[in-house]
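Just need the whole structure built from these sequences, with the hints factored in.
Top line first, the protein sequences correspond to chains S and Y.
The numbering used here applies: residue 21 is where the first sequence begins, and numbers increase by one.
The numbering used here applies: residue 1440 is where the second sequence begins, and numbers increase by one.
Hints are computed from structural coordinates only; laboratory data are not their basis.
Treat the hints with care, as some may be off.
Stated by the list, open to error - What follows is a set of in silico ranges between Cβ atoms, one per label pair, in the way DEER data are often shown:
#, chain 1, residue 1, chain 2, residue 2, range
1, Y, 1622, S, 94, 42 to 52 Å
2, S, 124, Y, 1495, 19 to 29 Å
3, S, 54, Y, 1462, 17 to 27 Å
Remember, predicted model here, so these are calculated numbers, not experimental data.
Even for Gly, the Cβ is constructed at its ideal location relative to N, Cα and C.
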Amino acid sequence: MSGHAGPFGAPRAAAREAARRRHPTARAWAPDRARLLRRLAARAEARGARWPRVAAAVVLLRGVTGDDRPGFAHRLGVPEDVLAHLEAGDLPADAVPGRLRGVPGLVDWAWVDAAPPPT
Amino acid sequence: MDGDDRRSDDGDLVAIMARLADGDEAAVVTLYERYGGPIAAAVQRVARQRRHAVDRDDLDGMVFEVCFEIASVAGAWSPDGGALPWVWARHRVANVVDRVLGQWADPLDDQQLAQIARRDSATTAPTSPASVDTALGDVLARLVPSLESARLLAEALDHERISGRDRELLLEYAFEKHSGNTSPAATVAPVFGMKEASVRQAARRARQRVLRLAARDERFAPLADLPLLA
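Here's what the structure looks like:
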């Protein structure tokens, strides 16, 4: 049956998918990543991280992919220990690999870069 | 997340829980991203029990806190138990909600207090009211020694090999239904990450298995009259 046109010309499968998206259960939840980023940064800061915003950004991006640390390091093309230091907040924002900064829409890098220097 | 029914033995969830148990903070983000929906539903359910509306801001914060709470006990969770982590850790969910909303209580009513005092003095039987946020499976287990029907029901659920998830689901569904909720499936479905129709079906199947056992085995016959299975 898939491929049959719906009332507005869309295939039925697409129409069903659109209907699912309109259903209240589909609208019920969407992650608030900006808030999550700040929460992770606060946790990193409480742990004593020197660059907590960097730690938060890298942890968030790895979390979104669902990768473990070796897999993510491989994906980025960086040594695993460098990734570990980034996640621990031991490294500044300019140490973040370009491939991470290039991920669109997930992290407000301006906020990460605007962090006050560690004391 | 799509609308597919979730199970505790979902490989993705099991992998995330294993990473949480290893202390991987990024797995908290993964849990939040992929299972935030059912966790939010669990949070909202507790808030409703506290008769408290939760705005989007509070809900987001609580979902994230619940993810960290689940992370802190992830090592003790097992998919073999049959319960999803946020159902299994429902006390933790309730604690997060209470921390954000404040401790919840009905306002004291002097007349009601006097009635309770009179009732207590008139009977020597111990009372053990179950907190609304107590796991229903735990409540059933606690009632077993003292309440024959609860013991029998627990035995019947074991006898029929009703899974841990379906057992919780049946009890949650019955709890909502007998609390006057006119759409119990709508309330229970998001907690278990299931569709409403699947909840109704799973609850009905579990109930029917117990009732069939009651019909064919005289020992379990009293269960046929149990309001919970009506």
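To test your reading of the hints: which numbers does this structure violate? No hint contradicted; all consistent.
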